[in-house]
Every structure is written in structure tokens, then in C-alpha cells.
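Enquirer: One-letter residues, chain by chain:
There are 2 protein chains.
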Amino acid sequence: MRNILIIGCGLLGSSLLRRIHKKKIANKIFIYEKSSSNKSKIRKLKLPGIIIKDLDQAIKNSDLIILCAPMSEYKNLILKMNKSLSNKNIITDIGSSKLESSKVIKNFLKKGIVWTQGHPIAGSEVSGPENGKQDIFENKWCVLIKEKNTKKKHLNLLSNFWKKMGSKIVVMTAEKHDKIFSMTSHLPHLIAYNLVKSAQDFERIQNYDLIKYSAGGLRDFSRIAASNEIMWRDIFFNNKKNISKVIDLFIKNLNLFKKDINSKNNRSIIKKLTQTKKVRSKIIKLKQDIAKPDFGRN
Amino acid sequence: MRNILIIGCGLLGSSLLRRIHKKKIANKIFIYEKSSSNKSKIRKLKLPGIIIKDLDQAIKNSDLIILCAPMSEYKNLILKMNKSLSNKNIITDIGSSKLESSKVIKNFLKKGIVWTQGHPIAGSEVSGPENGKQDIFENKWCVLIKEKNTKKKHLNLLSNFWKKMGSKIVVMTAEKHDKIFSMTSHLPHLIAYNLVKSAQDFERIQNYDLIKYSAGGLRDFSRIAASNEIMWRDIFFNNKKNISKVIDLFIKNLNLFKKDINSKNNRSIIKKLTQTKKVRSKIIKLKQDIAKPDFGRN
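Quick note, the sequences are listed as chains A and B, same order. Read in order, the letters of the first sequence correspond to residues 1 to 298 in my numbering. Read in order, the letters of the second sequence correspond to residues 299 to 596 in my numbering.
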């Protein structure tokens, strides 16, 4: 890879920046960042790369372009980029939902240009370039999206790129991606936000000071309920059909759970509470979480 | 304190054992444990204390008796203990719900004996004496329950005891306790169990292998969904009225959330996602969780 352009340099953009620099993968790294606050942070932190103003020039000089901006910015950015894009550019992104963005790309990207979508399963409740880490993608999955017009060459190139970032690669369609992550990521975040919101409501209704007793379980949920609001709004809106379906499944199960509790259905409850336990062991075995109790935090 | 009797020596019982021994609070520590597997673990680990068979003798020789057994065992244990209990014993427990156990205590405990309920807000997804830690109560709340017949002397004594365990003390009624913890602990656990169950259902329906993509959020929930099934069945059954009410509040909010997503109600969603964020900062400020992103696990 000669030159790489990172568009949007927040948590993940700056993590890529750090990793690309560390692994000496690029000749030059260009950074296009809208937020002046982020730009000054990048300068203060003395992060590698060149902050550019002239997007057209940077596109023309880049082999690989990685969009790390919020998904709600894709349309505007594509319209800005179109003029300078050519077949020489490999274009990808890191957005957390795929089908809706693939439509935006189809509708607005200049004809003849191919965009290969990606989604590294990495993140944190904190955001901004000050929180990026070069090893954030280490041993994490990176999903690459294969569509009708996907070029095998691009897929191979991106696959190699993400391996250098530390990721394990899996290729799937946008449809399958959005279904899987509606359950493993989008619903958990929505549930966490909703639980914290319900605790706030309850605190107000009961006039209790209850957040201070959050160590019994609530604190776990508060972590992902502290995630970036723009990113999560975009995900919830973009993947609303799949998310609605898993919300319905979740509510159906929750009502059954409530019924079992109220009728003291011992057999059904014990079955539920033992079967879910197996998932934790599986997750640890698959190295998707650390084995230490309590996330090793105490 | 002269002698202390711990009834039930799992995660928390063995944590008390370790701490009492470390702080040299007792002359003798007696352990009454039903499970032969736990007893052999305690022996292998060379934990302090004397494993006893004769409960009556141990009760007569103990100043403080701490019930650390599952709440569903309370009735049987009380009936066993009654014969030897006297006014000289200070009796407490560590159960996670309080109103239902207070009824069991009222109904079955020998007249004239006072039992002061307690609940240290500490635990883990792992159980058993091999996972106990002497510092598990450090800086955690311990709730002591005050009822009409509570003796001030007992409350003071238990308050001092739990301070030596590392806890911060708060006194409240069983009713208030059960309401607060239905929201901060019981609902989060039930939601976590229900989310993991829904993910399992979804995996089966869709025929996807999705647990391996759990790092996007699901893995956080899998931790508390791996908690001890007997303990949590007892909590869900004992506090079912309060839990049902918070389930209803949660479902009401979840349906509103779904509606906002489907109608792309930007203002309402952004309000939700920013207000819940504040709770995380509050929890960290109150030292109910560590400040490091991602629980410091990566």
C-alpha cells in the first residue's frame, strides 16, 4: 500500500492511524477530519499522519480510502468525494450496519466506482482520537461485505489489510451481517440504553437515590449505555427492521419469563438459567471475552 | 466477637471466612456446609475455620450466626436451628431479597429470637468456596434491614462487623430494599438472562452461528447471565411482585424506543442516548465501577 486516506478520525479512525503507522504499512497517511476539536486533539497527541484540507488532492494521491465517519455522513461525503474518485482507489468503510449504507452507496457513488464495505467488531464506550488504540482490532472479527459487484482483488487486498490490523476476517452479505449484528450488538445496546432509562424513570417515580446501588448489576449495562449517541442513532435508524424483529422476540421471551416467575415455575426457570450459562463458557472458549470473573475489574 | 458460625460456605460465605480470619475478628470460626463437594474444596484449599457436623453445639458456642445459604433453604435451616438458638446469638443473613425471607423468619423462627437481615452488595458470576475473596466486600454497600422488632444493639454490632468486612453500611426497611434492588440488580440479571436466551433462540431460528460475534455487546450480558441459577431463581421467586412491576416499566419504555426508531424520531432518540450516558459518569463518580474504558479488560 502506498498512501492511505482516513476520513473521520475518532476512536476507530485514530486506532487505524496508530496501527498503520506502527506496522509501517503506508508511505503517507492522510487524515480528513471535520471536527476542529478532534483536529486539535490529533495535533496535541502528536499522532502520525497528515491532516489535510484538500480532499480531492488526497483522494487522487491515495490507494486506500477508509471511511470512519458516522453513517449519517456517508451521503454528503460521497457527494464530496465523487469528483476525484477513480478506479485506482480501493474504498471501504467501518460502519456498524450495512444494508442501508449499501443503498446510499448505490444511489450516490459515481458510476463505475466499487466500494467494498467492512465492519471491524471493535469499539468502546469512549470515543474520540484520544481513546484510540493500535491494538483495538487485535483478535477481533472484521466483516467484509460481498455483493454482486464486489471485486475479488479488492476483497483480497482488504482482507490482507485488516489482518495487518490484527483482525480475523469473515466475508458475508449485507443482509446476513445486519441480521446477525441486530442480535449480538444492536439489541444489547438498545436494551442497555433502555434499562438505564428505566432505572432513571424508577428513581424519579419512587424518589429513591438508587444509582448508588448499581454494583448489583446495573453498572454493567451503564457501560454500553454510555456509547456514542450519533453512532448509535445511525445504527438504530439504519437497521430498524431487523432491530424491531429482535425487540419483538425479546419482549415475547420477557413476558414468558415474567409468567414463569409469577407462577413459580421452577422447572422452566432452572432450565432458562442453566442454558444461558453455557453461552458464557462458549464466549470465553471462542476468546470473545476474558475468562477472569467480573471482567477482572475488581 | 468470640465465635462465629457461617452456615453455607459458597462464594460469599467463604469470602466472609477469609476476611474474618484475616482480620482476626473471631476466636473460632465454625462452618456448616451441606454440600460434600464444597466441604472437600474447603479442605483442599486449606481455608481457615472448623467444618462442623453438630449444628446445635456450634450454635450454642457462637455469638454471631451468618446464614449464607440459598434463600430457599432458610425455612429448613431455621427449623433445624430453633432448638439451640437463644437470646445470646446475634443472627443475620446475606440474602438478596428481604420481604419474603422476613415472612419465613416471622413464621418459623422460635419466638423471642431476633434476626437482623443483611445484604452485602457483592457477588460474581462464579460461585463456590474456590472463588471467594477476602476483599469482595471492600467499598461495597451492605444493607442492614430495620424492622419493628430490630434491636439497636444488634444493628450496631452488625454494622461494626460489616465495616470490618470492608463494607459501607446503609439501613433501610425490607420493602424499600426489595424495590430498589428489583431495579438495580434483579431486573438487570433477568434482562441479561433473557437477552442470552433470545440470542440462542435467534441462532436456532436463523441457523446462524452468532455467539462468535458476541464481542459487539452480547458478551457483556453473558457474564451476569452465567450467575448461579439457584440463587437467582430464589431471588426472582421471592421478589416477583416488584420484579413484575419493573419488567412492565421496561417493556413500556422498550416499545416507545421501538416506535422512535421506526419513525426515525431524531430528537427523542438523541435525548434518550445522551441522558443515559450521564448515569455512567455518576456510577464512576460514586465508585460503583472502575473508570477504565471497557472495564479495563482489553
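There may be inaccurate statements among the hints.
With a Cα cut of at most 27 Å, we get these calculated BS3-like pairs of lysine-lysine [stated by the list, open to error]:
1) A:Lys-41 - B:Lys-590
2) B:Lys-585 - A:Lys-212
3) A:Lys-212 - B:Lys-466
4) B:Lys-556 - A:Lys-252
None of these hints come from the bench; they were simulated from the model.
Enquirer: Confirm or reject each hint.
Expert: We went through each hint and held it up to the structure:
| no. | hint | in the structure |
| --- | --- | --- |
| 1 | A:Lys-41 - B:Lys-590 | holds, 20 Å |
| 2 | B:Lys-585 - A:Lys-212 | holds, 9 Å |
| 3 | A:Lys-212 - B:Lys-466 | holds, 12 Å |
| 4 | B:Lys-556 - A:Lys-252 | holds, 14 Å |
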